[in-house]
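Number of protein chains: 2
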Amino acid sequence: MINKRLEKLRQIMTKYNFDAIIIPSTDPHQSEYVAKHWKVREYFSGFTGSAGVLVVMKDETALWTDSRYFLQFEDECKDYDVNLHKQSIPHAPEHVQWLCDTLAENAVIGLDFLQFSKAQMDYIKEVSASKNIQLKNTPNLVNEIWADRPALPAFPVDIHPLEYSGETTASKIKKVQNKISTAKADYYLFSSLDEIAWLFNIRSKDVDFTPLVTAYALVGLENTVLFCDSNRFSATAIETFSKLNIEIIDYELAIAELQKLDIDKKIITDISSLNYAVYNAVQSKFLFQNSIAKELKSIKNETEISGAKNCMLKDGVALTKFFIWLENELPTREISEYEIGKKLESFRKQQDLYVGESFAAIVGYKGNGAIIHYTASEERAALVKNENILLVDSGAQYKDGTTDITRTVWLGGTPTAELKTAYTSVLKGYIALEQLQFPKGTVGMQIDAFARFHLWQHGLNYPHGTGHGIGSFGMVHESPQGFTTNPATSSGRTSHLPNQLTTIEPGCYKKGVYGIRIENIVLSIAKQETEFGNFLGFTPITLCAIDRQLIDKSLLTDSEIAWFNSYHKMVYDKLSPMLNSDEKKWLQRMCEEL
Amino acid sequence: MINKRLEKLRQIMTKYNFDAIIIPSTDPHQSEYVAKHWKVREYFSGFTGSAGVLVVMKDETALWTDSRYFLQFEDECKDYDVNLHKQSIPHAPEHVQWLCDTLAENAVIGLDFLQFSKAQMDYIKEVSASKNIQLKNTPNLVNEIWADRPALPAFPVDIHPLEYSGETTASKIKKVQNKISTAKADYYLFSSLDEIAWLFNIRSKDVDFTPLVTAYALVGLENTVLFCDSNRFSATAIETFSKLNIEIIDYELAIAELQKLDIDKKIITDISSLNYAVYNAVQSKFLFQNSIAKELKSIKNETEISGAKNCMLKDGVALTKFFIWLENELPTREISEYEIGKKLESFRKQQDLYVGESFAAIVGYKGNGAIIHYTASEERAALVKNENILLVDSGAQYKDGTTDITRTVWLGGTPTAELKTAYTSVLKGYIALEQLQFPKGTVGMQIDAFARFHLWQHGLNYPHGTGHGIGSFGMVHESPQGFTTNPATSSGRTSHLPNQLTTIEPGCYKKGVYGIRIENIVLSIAKQETEFGNFLGFTPITLCAIDRQLIDKSLLTDSEIAWFNSYHKMVYDKLSPMLNSDEKKWLQRMCEEL
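Chains A and B are the protein sequences, given in the same order.
Just so we're aligned, residue 1 is where the first sequence starts under the UniProt record's numbering, counting upward by one.
Just so we're aligned, residue 1 is where the second sequence starts under the UniProt record's numbering, counting upward by one.
A hint or two may mislead.
Keeping only pairs whose Cα atoms sit at most 25 Å apart, straight-line, the calculated SDA-like set for lysine to any residue is [what the hints assert, rightly or not]: (1) K184(A) <-> L103(B); (2) K184(B) <-> P93(A); (3) K184(A) <-> E74(B); (4) K36(B) <-> E74(B); (5) K86(B) <-> T375(B); (6) K86(A) <-> T182(B); (7) K440(A) <-> H464(B); (8) K285(B) <-> T102(A).
Some chain A residues near chain B, calculated using beta-carbon distances under 7 Å [stated by the list, open to error]: (9) P439; (10) R493; (11) S495; (12) W586.
If you're looking for bench data, these hints aren't it; they were derived computationally from the structure.
Just so it is clear, CB atoms sit at the ideal spot from N, CA and C, and this is done for glycine as well.
Using the sequences and the hints, build the whole thing.
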């Protein structure tokens, strides 16, 4: 089936004289997860991973993805004529240089300009220039083949109420307008869906795992336009927006409307999210800046922080019940990873304000835990027994917040000393970064290694960043702050600020043998002010016992043991009032002093 | 006098219709220290600091420098009509935006293109474009005013023998030629003086503190041209070079000769060191790459490492004798910081193969130690008494290596607990970074904070990078590796590699009260290879006791105490054979177990 689609695509390439087509995994808003309408890469390759770029040439079809997805690719694409190219850095545009090296001078590449940001197109142009390779827009190419392509999402849009958002749309728009004034500009154009959801306090279910609304937004000094189909809004919502001088114009009309803006107007926008089709259409002058919404959104207000803490209670209760279920059930039968994931979801569903999972849960038994973005399908899930190691990374969307937590548990048998050293080093790394005090202005890349150095000392490491920002009933991976080894990413270069929510999640993975990861969400807080500056730190808000069976206590310092005991006292104190007496007893045992 | 020079400069600006002149502190090779001929900024401002840019406009003269030099500026420029603009980041081109904001549309800026790199000019062009500001070359402007301008250096050039360099010029040039072949280019153009000194194994004394030779070099696949006055070389040297197909052509002819290269030739060069006058003159196509010489040079060969270790013995002996002298002399009289610096130099002068200081020694008593690039002139040096704290940062050029070391000593009285906490935290930071094991590929910015986090914990910090590469009878600050908080610098982005020499020098500075810094040179070494990668670390090669009077032992862990004792055992074992019995006794006391 995939091969037939590729055959049709090649016929069309011949018809239009394209030597190659680049099909990325994103939508016109550079979203991480996309609506079905935009799953073009999946349609032509069969590959469902969240990151990957397909390149179709006359005699080869090639897919670039990173190490998290190699196994999944092999599984999903084995029957198709698609070759895997292994990316050394996730999301790096390594296919561009390869493609330009492969193509002849004056070749023509087809791309849907909607799916490429201005910054990405600048890079492709730069690389392709020396061979005079032409880049042509392919806006309707896919529709000629994909007859039953799903329509754009049209779900009703919900207003995210003040009791969860903590700040009115009017107040947020005022901040954007101040920014426009300061920059002596006329408009601010937003195209990132989570920025728009935050700015207008709107939510829907256009995108898997993330409560976003497909839209663009143009904020002016007096009036604002939200490009989104008006029939998705209630009459009340439209009236409320109207009072705020917010007009709703159909999504499909966005480019045509933006084209009408005067040539002498100045529009602030973010070069990394604005797509090239919009950029190309607009006559006005763009001022490229890092999005003001990104930083404002990353600093949570009191309501959002209190919502997040409330979600941790709910998640903590669900996880406690889940681990009790697992402990009781495993001696009686083998359970598939898939079923375990579903069971965990069922405990979260019982919680107040639950909306859905915040990403596809990762339940990885033994060696499967070493596949970093592993998702067990019902068919190929491994059977979990009453022994060895299990990694569970999961999260939820609640109306008052978003969660993400990883625990790794030992299910029975005798662990090796090597495994205990790795697990204990991961734990020590988590504690070191969470306990670090650092000056304001410190960026993620400067302190990421505090979660690694205990592993390094034993010749161990992990091939991913140490943590990411997280939204408030928003994206589970939220820019800009985080911890990473990569200076090219925003989380490497961005200062941590008080009242941000960020994950800390060191790990250790041995191929075919084990995967270990311990992940909490932490809140950034001001800790000390001296003549040397303002110093910040973190405080954990995730509430869930950390398995102690794999800890080699001889490797822990007194202060690490004190941290462990104090964290577990907090977990027990906060969760126990919501548990029945059997559950309380179980949690008490999990939270005993080490 | 300075004011008169500025007046003359303004007359000439009027004559040529310049609205502003930018005068940087560098030479045509982007050197850190420059020959007298290039001290143009000093000539027109009176400011002698090694970093700073002068901007002369019709009605204002402004100098940009960073916090290391504020005090020195006030002292040196108080009588002149020069306004200080405080740079927030050292070397950042903050004056460019300011100047372009200040000037009117279509204004004209004069610059000597020789003193600006291609990369710097690109930046100035970008900022000045929106106001259509013109940039005009001012090659001979200074000569019209500076009648007695010193000539370009013409000292004899020494061949740096194989017993110190460890690699022949032929072998080094072969590596460059391989790089040219791989890149399908025709030439490699070098304009950085320390790269040329390394490549041709040549040394002279053109530049203060650094044994460099003023030259350009063009390496081709068959032939090489060294642009340097041939009368600076011995007949033997010229003949030896000739056998290697190296032709020597006068320095002043470089641009004219490079202009003759065919337009279809490709020249590899480094955008950050090539000056704009050369770039502008050459017709051929440039391929901008990070200099191959930088990385090759940073990895020391066995001879260079053994030379460096030998220098540490000599420096260690000189410093031991110096500190004994200081301890004996201080009870008898007050000694000026200036005299202390000279005395230290005198002990180094007694050492084999000594050439000179590698930078102006920093001898900072009490609050003077908090001025990071403090150099006490004979006139304004403070008098050091038998009490309180003294910081001594110094280094030497020996024919077999370059040194750089800082020690901070307590001279008498009772230190405060605050001071002991700061000193002990600096020491702990030094130990943490020196003892760190980290994977290959780790860059300076990822691990710099290991030297800071003990300070951070007490609300302390220091406003400079943690260390820099160091040359082999070369530059005391040598690119590319190091430790820094700044992602924009090469030392932030460059991986550490085995056999590099780097300083580790955390500090803590309280304005007007104290300056603390502890600095050793460390050698990068391979430590462990596992399935998770290759792991590197450092080993200290500097040999000099670290003062223990300011250590609060209760803050040290057992492993830190073990490090301290083991380091001092090494210092005693290596230095004592070269000391007399009194000196041995003194050192034994300094190296006792803690």
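To see whether the hints hold, each was checked on the structure:
no., hint, verdict
1, K184(A) <-> L103(B), "holds, 19 Å"
2, K184(B) <-> P93(A), "holds, 24 Å"
3, K184(A) <-> E74(B), "violated, 37 Å"
4, K36(B) <-> E74(B), "holds, 22 Å"
5, K86(B) <-> T375(B), "holds, 20 Å"
6, K86(A) <-> T182(B), "holds, 24 Å"
7, K440(A) <-> H464(B), "holds, 15 Å"
8, K285(B) <-> T102(A), "holds, 23 Å"
9, P439, "holds, 5 Å"
10, R493, "holds, 6 Å"
11, S495, "violated, 11 Å"
12, W586, "violated, 35 Å"
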